[in-house]
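K.L.:
Chain by chain, the residues:
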Amino acid sequence: GESVGLHLPTLSVQEGDNSIINCAYSNSASDYFIWYKQESGKGPQFIIDIRSNMDKRQGQRVTVLLNKTVKHLSLQIAATQPGDSAVYFCAENWAGANSKLTFGKGITLSVRP
Amino acid sequence: NAGVTQTPKFQVLKTGQSMTLQCAQDMNHNSMYWYRQDPGMGLRLIYYSASEGTTDKGEVPNGYNVSRLNKREFSLRLESAAPSQTSVYFCASRRQAQPQHFGDGTRLSIL
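Chains as they are written, first to last, in my numbering: chain W, 30 to 142; chain X, 9 to 119.
Fair warning: there could be bad hints in the mix.
Taking lysine-lysine pairs in the DSS-like style, the calculated list, with each CA pair at most 27 Å apart, reads [unchecked claim]:
| hint | chain 1 | residue 1 | chain 2 | residue 2 |
| --- | --- | --- | --- | --- |
| 1 | X | Lys17 | W | Lys134 |
| 2 | X | Lys65 | W | Lys129 |
| 3 | X | Lys79 | W | Lys129 |
| 4 | W | Lys85 | W | Lys134 |
| 5 | X | Lys65 | W | Lys134 |
| 6 | X | Lys17 | W | Lys129 |
| 7 | W | Lys71 | X | Lys22 |
| 8 | X | Lys79 | X | Lys65 |
| 9 | W | Lys71 | X | Lys65 |
| 10 | W | Lys134 | W | Lys71 |
| 11 | X | Lys17 | W | Lys71 |
| 12 | W | Lys71 | X | Lys79 |
Hints were generated in silico from the structure; no laboratory data involved.
Computed from a predicted structure; not experimentally measured.
Let the hints inform the model, and build the full structure from the sequences given.
P.N.:
Structural data, given as structure tokens:
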């Protein structure tokens with residue numbers, strides 16, 4: 030099977046609880062941030078994004094919070110479901126970096142039934 | 009709408025062999041990327057093409073070459089494969105200031 034989850038931090042949550050996944054980003058000049066979900070054997074899939082002129086954005090069951098003061102990004106998943114089990118990555122766009130994104134190493138979310 | 013398509017999905021090579029990984033996108037995106045993903049390392053950028061006709065090195069370009077064949081296609085070549093290049097390779101594409109869209113990867117083993 031896919032080995033991308035090995036050696037990554039793991040967050041274990043009970044089905045139905047809310048999950049909070051945190052990410053510290055590196056560049057105070059980053060202007061755009063994205064959360065991705067990666068299931069075993071698949072490529073990363075876009076979940077939600079936020080621009081640096083915002084501090085909160087909501088989607089369906091997901092919310093992203095941005096704290097530029099401490100360079101912190103979080104993803105909140107409401108009523109976590111077994112299908113949410115995956116590796117989650119944050120990514121930042123360095124302003125002026127010619128279209129490149131920089132990715133975090135990822136966190137494994139494991140949902141207990 | 010296929011999105012980003014990578015071929016092959018799996019490949020086993022012997023040390024010293026060469027091969028080309030293919031990637032095509034049908035979203036009319038200007039920018040395309042090649043990453044490798046290893047356990048515990050996250051996604052590392054090998055090469056990228058900000059627009060048709062340009063390519064640039066990323067974080068780990070050694071041992072690889074790329075060709076932006078046209079706006080749709082961006083290939084990655086291993087001229088002389090080494091065991092250290094055993095990895096999962098992802099292609100992605102993007103419109104400026106928008107999320108990257110990824111293919112489902114090529115799982116490459118080099119013996």
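K.L.:
Checking one constraint from the list: CA of lysine 85/W to CA of lysine 134/W, max 27 Å. Satisfied?
P.N.:
Distance of about 23 Å is within 27 Å: holds.
K.L.:
Holds or violated: lysine 71/W and lysine 79/X, Cα atoms, limit 27 Å.
P.N.:
The given pair, whose Cα atoms are some 24 Å apart, holds under the 27 Å limit.
K.L.:
Below or equal to 27 Å on CA atoms is what counts here, so check lysine 17/X against lysine 71/W.
P.N.:
11 Å, holds
K.L.:
Does lysine 129/W sit within 27 Å of lysine 65/X, going by the straight-line distance between their CA atoms?
P.N.:
Measuring from Cα to Cα gives roughly 11 Å; hence the hint holds.
K.L.:
Is the straight-line distance between the alpha-carbon of lysine 71/W and that of lysine 22/X 27 Å or less?
P.N.:
25 Å, holds
K.L.:
Given the hint that lysine 134/W pairs with lysine 71/W, does the C-alpha gap stay at or below 27 Å?
P.N.:
Roughly 16 Å separates the two Cα atoms, so the pair holds.
K.L.:
Given the proposed pairing of lysine 79/X with lysine 65/X, does the C-alpha separation stay at or below 27 Å?
P.N.:
18 Å, holds
K.L.:
Just to be careful, I want the Cα atoms of lysine 17/X and lysine 134/W compared with a cutoff of 27 Å; is the pair within it?
P.N.:
Status holds; Cα separation ~23 Å.
K.L.:
Taken at face value, is the distance from the CA of lysine 129/W to the CA of lysine 79/X at most 27 Å?
P.N.:
18 Å, holds
K.L.:
Is the hinted pair lysine 17/X and lysine 129/W satisfied, with a Cα-Cα distance of at most 27 Å?
P.N.:
Holds: lysine 17/X and lysine 129/W sit about 25 Å apart, inside 27 Å.
K.L.:
Lysine 71/W and lysine 65/X were given as a pair; does the straight-line alpha-carbon distance stay at or below 27 Å?
P.N.:
25 Å, holds
K.L.:
Between the alpha carbons of lysine 65/X and lysine 134/W, is the straight-line distance 27 Å or under?
P.N.:
20 Å, holds
Violated hints are absent here; each numbered hint is respected by the structure.
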